[in-house]
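Work out the full structure: start from the sequences and follow the hints.
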Amino acid sequence: MVDPYDCVITVTLITSEEMLQYLNYPIYNVTNLKTTPLTSKLDFAQLGVLDRRGCSSQPYILKLFFFILVGEIPNKSRILFSSSNGETQMFEYTRCENETKFYGKCHCVNGTQTRRDLWKLAPETGFVYSTQETTFENYVFKLFSKNMIMRTEFSMRVICPNNCNEERGGGKCSVQLGKCICSHGSYGGDDCHKLCYYNNTWTLTNYDDKCYFGEEYCDTYCECENGTYLLDHHCLNEVCYSNNITDYPELCKRGESHCKFNCQCEDGYIIKNNKCITQTCGNGKLDHPEEQCDSGNSCNSTNCKCYEGFVPDPDNKGSCKGSNYTLIITLVITCTVLLLTVLIISTVTTIIVSRKDHYLFKNVIEAIEYPQPEYYFDVSKCHYIAYTSNKYPSNKSIITFGMKNKQLKINETVFEIFEMTNHTKRFMLIIFHTPNIQKYTVHFCPQTLIISKGKTKQILLIFTPHCTTRFEGTEFYVSVYYGDKSTLIELQQLVFDKKKIDVDDTIIYEKIHKRVSAFYFVLISKVEIEGSFQIDRDELFVSPRRFETKGNHKHAIVGTYRGKPVTVKTINLSNLSTQDLNTLKASIEKFYTSIKNMRSPYLLQPFGCFYEDQNLSFFSEICCLGSADLYFLNSEYKGRFSYSFKLKVMKDVQCGLSYLHGFKLFHLNLKLSNVMMKSFSASPTVVSVQLCDHWGSADLRTKVEDNGLFMKNPRCDPPEAYKHIFGSFTDVYSFGILCWEFFYEQRTFGKYKTLFDIKSAVITGLTPEIDSTMPSDLKWLILKCWEYKYLQRITLRETHEILHDIIRKEETLKSAKENNKNIENEIFFEQLKNEKMILYSNALDQKTLIPFNI
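For the sequence shown, the UniProt record's numbering gives the first residue as 1, with consecutive numbering after it.
Each computed DSBU-like pair below joins lysine-lysine, with the alpha-carbon atoms no more than 30 Å apart:
{"no.": "1", "residue 1": "Lys305", "residue 2": "Lys703"}
{"no.": "2", "residue 1": "Lys498", "residue 2": "Lys76"}
{"no.": "3", "residue 1": "Lys498", "residue 2": "Lys391"}
{"no.": "4", "residue 1": "Lys759", "residue 2": "Lys779"}
{"no.": "5", "residue 1": "Lys564", "residue 2": "Lys585"}
{"no.": "6", "residue 1": "Lys76", "residue 2": "Lys499"}
{"no.": "7", "residue 1": "Lys664", "residue 2": "Lys409"}
{"no.": "8", "residue 1": "Lys500", "residue 2": "Lys63"}
{"no.": "9", "residue 1": "Lys275", "residue 2": "Lys590"}
{"no.": "10", "residue 1": "Lys809", "residue 2": "Lys678"}
{"no.": "11", "residue 1": "Lys172", "residue 2": "Lys194"}
{"no.": "12", "residue 1": "Lys321", "residue 2": "Lys590"}
{"no.": "13", "residue 1": "Lys409", "residue 2": "Lys285"}
{"no.": "14", "residue 1": "Lys526", "residue 2": "Lys406"}
{"no.": "15", "residue 1": "Lys381", "residue 2": "Lys455"}
{"no.": "16", "residue 1": "Lys671", "residue 2": "Lys703"}
{"no.": "17", "residue 1": "Lys779", "residue 2": "Lys753"}
{"no.": "18", "residue 1": "Lys381", "residue 2": "Lys146"}
{"no.": "19", "residue 1": "Lys41", "residue 2": "Lys500"}
{"no.": "20", "residue 1": "Lys391", "residue 2": "Lys381"}
{"no.": "21", "residue 1": "Lys41", "residue 2": "Lys499"}
Everything labelled a hint here was simulated from the structure, so no lab data went into it.
Structure follows, in structure tokens:
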């Protein structure tokens, strides 16, 4: 027990000026904010100030970051405040009458609660503060957070200079996008000024020393950027101007085939090794007259030309064969197809132009890729209208997009037309409340309109799905108001671009509501989105536990996707430029399209992928036993595996490769860590291994290598891989390496200290040593897979026949002792499999849903 003791508590009454010295708050000068944005990394765990919101009636105490601004911003501009964290935050600013700012008499000017979906999906979207004044010394700005330990990057910058030249018809300032949205293509720049060159026409009288706007290095004022040279209205960098591009692979030489004036290729061509090649090179199809081959055998993937000594193979389009055959490539572009295409386009254009309701498209002010503004909607103050009611304004309540009993295709835009009728004797205001989310794009055209009594108007709903997600049953809310036209216009302007309304607007809103009749109804989707490899991140549950993987760019986690346990691998793409990132995404989407219909027990197919925060994540079914290197290269299990079981594993690997090659795809990443163990049963009817992480094509592997996302496998790659020569012969060589490692249960080139030494040895033609313990028939198979000249290696079909003969021979010689060994291994590893499954199950029990739902 603690003895009581006396204490003295001193309470001192001090003025606000004296209190001010104990506070530590930043002061930002916004004079140069237009050219130099301000950014501050905030850690709310380090902040010790708590207060209640001045612009809210709720008496909650929250942590806050407060600051003041000094200086001036350019006239007719706005300040954009943004936060990189997607958690719920509140931003407000107050005006204080005395000089102490914080403890004097202050009153709320404005405040808002951040929208989690917009801040998460579009980090540049924040709270926009706009005022007629040019100084802000009487304002106090505060950022509140419910999360006491939130970390965020808080920034501010000036947007919409010159008020986007709105008075001249240039454009309008977009609150959500944080920039000017120009009203017409003839306006541009950050302030939507009149362009000097538009639609191949000069808008200037003197343009002798001007460049073509839209060309590289030419700004919106038709002036060349610093460090570039003007030549015939083109802006050229120093290298292109001198036409000495030897050390610059991203440029082509002016004057050569398909190379334009600015050292860039013509439309339909891309640059590789300073040459312009067809853009379709690498798609596996002969769809251009200049392509000799594409992704086939003996085909150079860099330019779609046959290797030296080879000619196009007429019997196997896309491949090349020996030059002793006649070169036959016939590409026929029929006039019938062209005429049919022109006819379809003309017919559709005529229908659109001739329709009396073509005005629908005139109501689309902004481009459909931009999110539509939000309208404030209080459902508790509105009455629900059933479809059977006489007041129901729409001619339908179900959305099918004309795809009944069909599924919507990814990135394919569909539409639905509604007829809205005013059945009353008063004016009717209709507002469609559009969800702005990343998984699909929804646009109502127009989003809001006023219909007079007895009139019918048409509404166009445009919808584009971007990933596979659950869409059937999704509801779209539509609010309906009846009243005088002036009152409805006032209501329309009041709720425009607002998720919530402040106290002053609430009073006005209540007064307007008393003068109108408010209703709402819902439009329900009755169509699903097709399955694809592009999935909805919200449907993936992941465990917080992470599992280490090899490589600097990868980490793996486990989770569940639609009830199935999966493992998720993530690759960091933050180091890539925008162009490299888009090119890599296109190659990956092309690869997933090519394997969409592949089904094989010997291949571990990915379920899908998604892009999030500059990371590429792809996931597949969990193989709880792990990869083959955990067993065949583990000294703990050395000697446990019989020769017959090793042959069975080799056969399963060969079956997986044969299935891939049957779809004209290659693995190109074959190693023990990419061979997943499924079972240790020696039964020929049970699949023992599955192949994973295959690249599919030489083009995709080349791209990930060039971007530093994939390092070569010196132990398994053939010599020609270092010259970017890939084909079926690449997998044959790697298959021979795996057979050697399966047999000896050790890594190849174990005596070499570094991967560089292994690479040097492989390039010179050195191969792993084979002693007398290996059976002669298996040794002969492996040596034929290792032929230095890749065209002299045996084919994958031949490896199947040889391996089949070896296994049949071994079956006749297999002893009872070896059979018992296989049975013991099967029992032992089945127990190990159960133990690992428990490990994954425990990780999945901790699953948390990382993304959010609107």
